[in-house]
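Engineer: Sequence:
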Amino acid sequence: MHKDHAGEHQHCHHAHEESNHEHNEQHHMEHMDHTTTMHSKHHAMMIQDFKKRFWVSLAITLPILILSPMIQDFLGYHLTIPGNQYILFILSTIVYLYGGWPFIKGLYEEFKAKNPGMMTLIGIAISVAYFYSAAIVFGLSGGEFFWELATLIDIMLLGHWIEMKSVLGASRSLEYLVEMLPQTAHLIKDNETTDVKLDTIQVNNLLLVKPGEKVPADAKIIEGSSYLNESMLTGESKPVKRGVGEQVIGGSINGNGSLKIEVRHTGKDSYLAKVILLVQQAQETKSKTQNLADRAAKWLTFIAIAIGLITFITWLGLGKEIAYALERMVTVMVISCPHALGLAVPLVAAISTTLSAQHGLLIRNRTAFENSRKITTIVFDKTGTLTKGSFSVVRYESLDQNYSEEDILKIAASLEQSSEHPIATGIVQMAKEKKTYP
Numbered sequence: 045m046h047k048d049h050a051g052e053h054q055h056c057h058h059a060h061e062e063s064n065h066e067h068n069e070q071h072h073m074e075h076m077d078h079t080t081t082m083h084s085k086h087h088a089m090m091i092q093d094f095k096k097r098f099w100v101s102l103a104i105t106l107p108i109l110i111l112s113p114m115i116q117d118f119l120g121y122h123l124t125i126p127g128n129q130y131i132l133f134i135l136s137t138i139v140y141l142y143g144g145w146p147f148i149k150g151l152y153e154e155f156k157a158k159n160p161g162m163m164t165l166i167g168i169a170i171s172v173a174y175f176y177s178a179a180i181v182f183g184l185s186g187g188e189f190f191w192e193l194a195t196l197i198d199i200m201l202l203g204h205w206i207e208m209k210s211v212l213g214a215s216r217s218l219e220y221l222v223e224m225l226p227q228t229a230h231l232i233k234d235n236e237t238t239d240v241k242l243d244t245i246q247v248n249n250l251l252l253v254k255p256g257e258k259v260p261a262d263a264k265i266i267e268g269s270s271y272l273n274e275s276m277l278t279g280e281s282k283p284v285k286r287g288v289g290e291q292v293i294g295g296s297i298n299g300n301g302s303l304k305i306e307v308r309h310t311g312k313d314s315y316l317a318k319v320i321l322l323v324q325q326a327q328e329t330k331s332k333t334q335n336l337a338d339r340a341a342k343w344l345t346f347i348a349i350a351i352g353l354i355t356f357i358t359w360l361g362l363g364k365e366i367a368y369a370l371e372r373m374v375t376v377m378v379i380s381c382p383h384a385l386g387l388a389v390p391l392v393a394a395i396s397t398t399l400s401a402q403h404g405l406l407i408r409n410r411t412a413f414e415n416s417r418k419i420t421t422i423v424f425d426k427t428g429t430l431t432k433g434s435f436s437v438v439r440y441e442s443l444d445q446n447y448s449e450e451d452i453l454k455i456a457a458s459l460e461q462s463s464e465h466p467i468a469t470g471i472v473q474m475a476k477e478k479k480t481y482p
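One rule links them: number in my numbering = place in the sequence shown (from 1) + 44.
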């Protein structure tokens with residue numbers, strides 16, 4: 045009795061540990077999903093913020109361009125109103141503080157973190173242009189940069205808006221994997237079938253999967269058999285036959301048979317959820333190329349600032365005016381901004397891992413993914429990997445003069461009409477296409 049009790053206690057202890065482990069794993073996955081969702085929402089809000097700042101700044105830029113003496117000289121018209129310079133100053137101040145705020149904030153954050161980057165470069169460029177132009181308005185001799193400042197901020201806002209939309213689009217591609225699951229499930233309770241939302245189903249629930257529908261959750265077949273298309277999840281193009289007692293994966297597509305299934309895993313514990321988690325982890329990790337690009341962008345920022353200062357000092361040394369030297373300094377700093385490098389590499393990495401996942405190739409290690417470019421030979425273990433996953437009739441002939449080719453196809457389709465086998469389905473489909481069988 046004592047031994048039995050001790051064994052029972054040990055079993056309970058292990059069960060408790062397993063329960064804790066499952067709870068911790070589920071909590072971790074839910075936390076990651078929540079964090080990813082919050083990050084996605086935050087990213088979407090930032091995109092809307094950049095969009096709003098761009099349109100507002102662009103609207104204010106138009107009168108700045110109209111009132112700017114240089115633009116007037118360039119277009120050959122003359123428009124002067126009282127307090128012209130002060131109006132330009134006020135409008136440019138709004139553009140600088142409102143439109144340029146993300147870059148000024150970025151400059152401060154990068155400076156505080158002692159990690160100067162692209163925001164530092166843009167922030168310095170627009171700040172130098174603004175404060176120098178303000179000094180011109182209040183007495184310093186030279187030419188102001190108000191229209192250049194406004195258009196520069198507009199272009200930078202537009203660039204960031206488009207680029208952030210691209211990054212979010214790549215991240216949102218993961219949602220295509222989530223969409224593999226249906227929105228509703230047919231719940232069987234008390235011998236009655238009702239349609240319920242997918243997030244309400246629980247482990248051990250009985251569900252009905254009708255022909256052609258997607259399996260709503262990882263489950264065990266209780267009744268029925270069918271061929272299931274699991275290609276998006278397993279890479280196996282050929283439909284796999286599943287019967288009573290066998291497991292089915294949520295997201296796979298049912299064939300022509302009806303199935304009664306008992307739910308085994310839901311939500312974050314499902315096979316598909318773990319696939320999505322792997323892709324998320326791959327997107328969050330940085331490869332050697334990304335780390336190299338980050339370091340390169342940082343050094344290019346230092347170089348751009350240095351070249352800008354050298355340009356300014358050189359033109360002053362050659363006897364040019366401060367406005368002339370400053371204009372060229374700001375131009376060099378902006379053109380030298382390695383913003384494309386800092387964005388292109390993570391964007392390519394995000395898109396590549398997501399596109400790979402959509403085509404059944406999961407990337408767990410980006411370094412290995414990068415090294416795959418060196419692959420020269422691919423060996424396939426079976427021809428089914430290279431097919432479309434659906435059987436079709438390529439050619440058919442009659443060897444008996446008493447039967448035409450159409451007769452042979454019609455007879456074959458008649459024999460196979462009730463079969464759920466993929467080859468039978470292909471024969472019936474061809475007969476329907478040739479209109480030899482209703």
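Among the hints, a few may not be true.
Straight-line C-alpha distance at most 27 Å; calculated DSS-like pairs for lysine-lysine [stated by the list, open to error]:
| # | residue 1 | residue 2 |
| --- | --- | --- |
| 1 | Lys282 | Lys233 |
| 2 | Lys241 | Lys254 |
| 3 | Lys209 | Lys254 |
| 4 | Lys209 | Lys342 |
| 5 | Lys149 | Lys209 |
| 6 | Lys209 | Lys233 |
| 7 | Lys254 | Lys476 |
| 8 | Lys318 | Lys304 |
| 9 | Lys158 | Lys342 |
| 10 | Lys454 | Lys476 |
| 11 | Lys241 | Lys258 |
| 12 | Lys318 | Lys241 |
FYI, nobody ran anything at the bench for these hints, they're computed from the structure.
Engineer: Decide, hint by hint, whether the structure agrees.
Structural biologist: Taking the hints in turn, this is what the structure says about them:
{"no.": "1", "hint": "Lys282 - Lys233", "in the structure": "33 Å, violated"}
{"no.": "2", "hint": "Lys241 - Lys254", "in the structure": "16 Å, holds"}
{"no.": "3", "hint": "Lys209 - Lys254", "in the structure": "39 Å, violated"}
{"no.": "4", "hint": "Lys209 - Lys342", "in the structure": "23 Å, holds"}
{"no.": "5", "hint": "Lys149 - Lys209", "in the structure": "20 Å, holds"}
{"no.": "6", "hint": "Lys209 - Lys233", "in the structure": "45 Å, violated"}
{"no.": "7", "hint": "Lys254 - Lys476", "in the structure": "23 Å, holds"}
{"no.": "8", "hint": "Lys318 - Lys304", "in the structure": "24 Å, holds"}
{"no.": "9", "hint": "Lys158 - Lys342", "in the structure": "11 Å, holds"}
{"no.": "10", "hint": "Lys454 - Lys476", "in the structure": "9 Å, holds"}
{"no.": "11", "hint": "Lys241 - Lys258", "in the structure": "14 Å, holds"}
{"no.": "12", "hint": "Lys318 - Lys241", "in the structure": "21 Å, holds"}
In summary, the structure is inconsistent with hints 1, 3 and 6 from the numbered list given earlier, while agreeing with the others.
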